[in-house]
Amino acid sequence: MDVLLEPLSFAFFQKGLLVATLSGALLGFIGVYIVLRGMSYIGHGLSHAIFGGYAAMQLFAAQLYVLGAGLWGIASAIAITAVARRSRLGADAAIGVVTTASFALGVALFSKFGSSGPAFDNALFGSILGITNTQIVWLIAVMVFAGAVVFFRYRELLFTTFDPDVARASGVHVARIEGLLMVVLSLSILVTLTVIGVTLVAAMLVIPAVVARMLTDSFGRMLAISTVVGSACGLVGMYLSYYAGVPSGTMIVLVGAAVFLVVLGITTLRRHSHRIIVDDHAPARATVKA
Amino acid sequence: MTNAAAEPLVTLDDVSAGYQDVLVLHDVNLTVRQTDFTGVVGPSGAGKTTLLRLLLGMLDPVAGARITRPDLRVAYVPQLETVDWNFPVTVMECVLMARTEHRVWPWPSRAERRDALSVLDRLGIKDLAERHIRELSGGQQQRMFLARALLREPHLLLLDEPTSGVDVNTRHDVLHLLGDLHQDGMGIVLTTHDLNGMAAHLPHLVCVNGHVVAEGSPREVIVPSVLEETFGARLEVLEHLGMPVVVDSAHPLRSVG
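Heads up: the sequence lines are chains A and B, in that order. Counting from 1, position 145 in the first sequence corresponds to residue 187 in the working numbering; the numbering is continuous, with no gaps. Counting from 1, position 111 in the second sequence corresponds to residue 218 in the working numbering; the numbering is continuous, with no gaps.
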């Protein structure tokens with residue numbers, strides 16, 4: 043028990059634990075849509091794009107970094123969507139150009155103006171040092187916003203994720219829904235960036251959702267499982283990070299990867315044993331009543 | 108049929124359309140009514156799906172005009188091949204996607220579930236409502252999408268290749284079911300490669316190959332001259348039980364020696 047309680051005697055760890063657990067839950071929740079849309083690369087790209095805005099704001103107005111980097115991230119997401127929609131470039135090429143250029147700008151700004159060092163490393167790999175109450179409030183606000191978007195736009199989000207063409211033909215404003223999801227994704231990356239780190243945020247978007255997908259065939263359950271797995275990875279990863287003395291983001295992602303491997307192994311074995319015993323999932327017969 | 112049913116639902120007036128500067132269809136004049144049960148035939152790349160997208164309003168004309176009835180409700184059934192069958196949804200969840208408008212709560216109301224089950228029952232797949240979509244056969248998948256489309260209570264139902272990738276019995280079932288829906292007063296337009304199946308089941312065909320080559324009853328359209336202009340190949344047309352039947356011209360194999 044001391045192992046669990048001892049780090050909690052430090053205020054910085056209490057805040058870090060709270061932020062890591064909530065960050066994992068938020069990224070796991072939004073990650074379901076990102077994974078099912080085949081947009082994992084966007085998560086990776088956006089976190090790098092936001093780094094450009096983060097770097098710029100560190101130099102000019104560090105206290106406004108949430109606002110600056112947030113606007114930068116949303117602008118990048120809109121630029122990616124616009125380039126991918128209106129040109130012959132695929133979305134992957136658009137992401138490659140927009141986000142890596144932004145990341146390169148961030149690195150250049152940090153290097154040129156002497157801000158490399160702890161701030162630079164913390165942005166890349168995550169840190170629990172110096173988490174402010176304002177950051178916690180921002181994180182909770184984004185969680186409430188993301189939850190509200192999913193709650194009130196659940197079916198449109200599901201429809202546009204499953205079959206955007208038919209959704210459009212059925213009167214769903216697909217572009218608006220996609221834009222809303224991009225805003226939620228950008229804000230989620232932004233508020234989790236400090237703990238998870240730019241280079242590792244994408245992993246926490248993907249791993250919980252993939253683990254949940256392996257465990258269920260129901261969309262609603264996938265949302266719930268992914269959220270729980272994400273938060274559990276955040277919580278366990280924080281403790282391990284404390285005792286191992288490594289950046290928080292790296293340990294959170296490593297815990298996620300370990301969970302992924304275990305679930306992959308269990309589901310593979312279970313599927314294999316099902317196949318051997320009996321194939322009881324043959325399509326059912328049905329007749330047409332005219 | 109009422110007079111309202113005979114009014115045009117969608118009219119394409121001298122429409123040209125395509126993608127990114129490549130024109131796929133040009134000078135299309137076509138009117139679709141609620142009384143229509145139409146098959147769009149043509150070779151791959153002829154513009155069949157583009158024509159459907161124009162009728163749906165998913166694609167804007169680069170020239171000409173698309174005119175629709177103000178209260179028009181359209182439903183669309185996509186090709187089975189375009190769908191991710193591993194996506195984590197059940198048949199019921201998929202069918203309920205049709206009801207996205209004017210709602211607040213994420214879960215379905217009792218009335219929505221009742222309506223969805225009623226449509227699934229009509230299509231003979233009510234018992235599969237809680238199954239994952241991957242567990243369905245090709246015919247059942249097709250019926251699930253039909254159920255989703257019918258739940259919208261459309262005036263016009265558009266289907267992209269509904270008979271492709273299913274066996275003969277399923278094809279027969281699907282076309283009969285569409286015939287029944289048409290009898291109930293729903294306008295239907297579908298695309299297909301299956302000329303003979305269409306000649307047997309559909310009263311009206313449109314042949315396309317970059318433009319509308321011909322339209323009319325199977326007897327008017329399935330003639331060698333129209334087929335040659337549509338498919339760019341000589342096809343033989345025989346008559347069987349009063350219906351035109353297309354057969355491939357025989358090309359004798361050369362022995363290699």
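Simulated from the structure, these hints should not be mistaken for laboratory data. These numbers were taken from a predicted model, which means no experiment stands behind them. Mixed in with the good hints, there may be bad ones.
What the hints assert, rightly or not - Covered by chain A, per the in silico footprint, the following chain B stretches (three or more residues, Cβ under 8 Å):
| no. | region |
| --- | --- |
| 1 | 171-183 |
| 2 | 196-206 |
Unchecked claim - Covered by chain B, per the in silico footprint, the following chain A stretches (three or more residues, Cβ under 8 Å):
| no. | region |
| --- | --- |
| 3 | 189-197 |
| 4 | 212-226 |
| 5 | 249-262 |
Ideal Cβ positions, reconstructed from N, Cα and C, are used throughout, including at glycine.
Counting residues of the region 189-197 of chain A whose CB is closer than 8 Å to a CB in chain B, do you get three or more?
Contact hint for the region 189-197 of chain A vs chain B: holds, 5 residues under 8 Å.
Can you take a look at whether the region 171-183 of chain B is actually covered by chain A? Rule is 3+ residues, C-beta closer than 8 Å.
holds (count 3)
Do three or more residues of the region 196-206 of chain B come closer than 8 Å to chain A, measuring C-beta to C-beta?
Check passed, 8 qualifying residues.
Check of the region 249-262 of chain A against chain B for coverage (Cβ-Cβ below 8 Å, three residues minimum)
holds (count 5)
Do three or more residues of the region 212-226 of chain A come closer than 8 Å to chain B, measuring C-beta to C-beta?
Coverage by chain B holds for the region 212-226 of chain A (3 residues, Cβ < 8 Å).
The earlier numbered hints are all upheld by this structure, with none contradicted.
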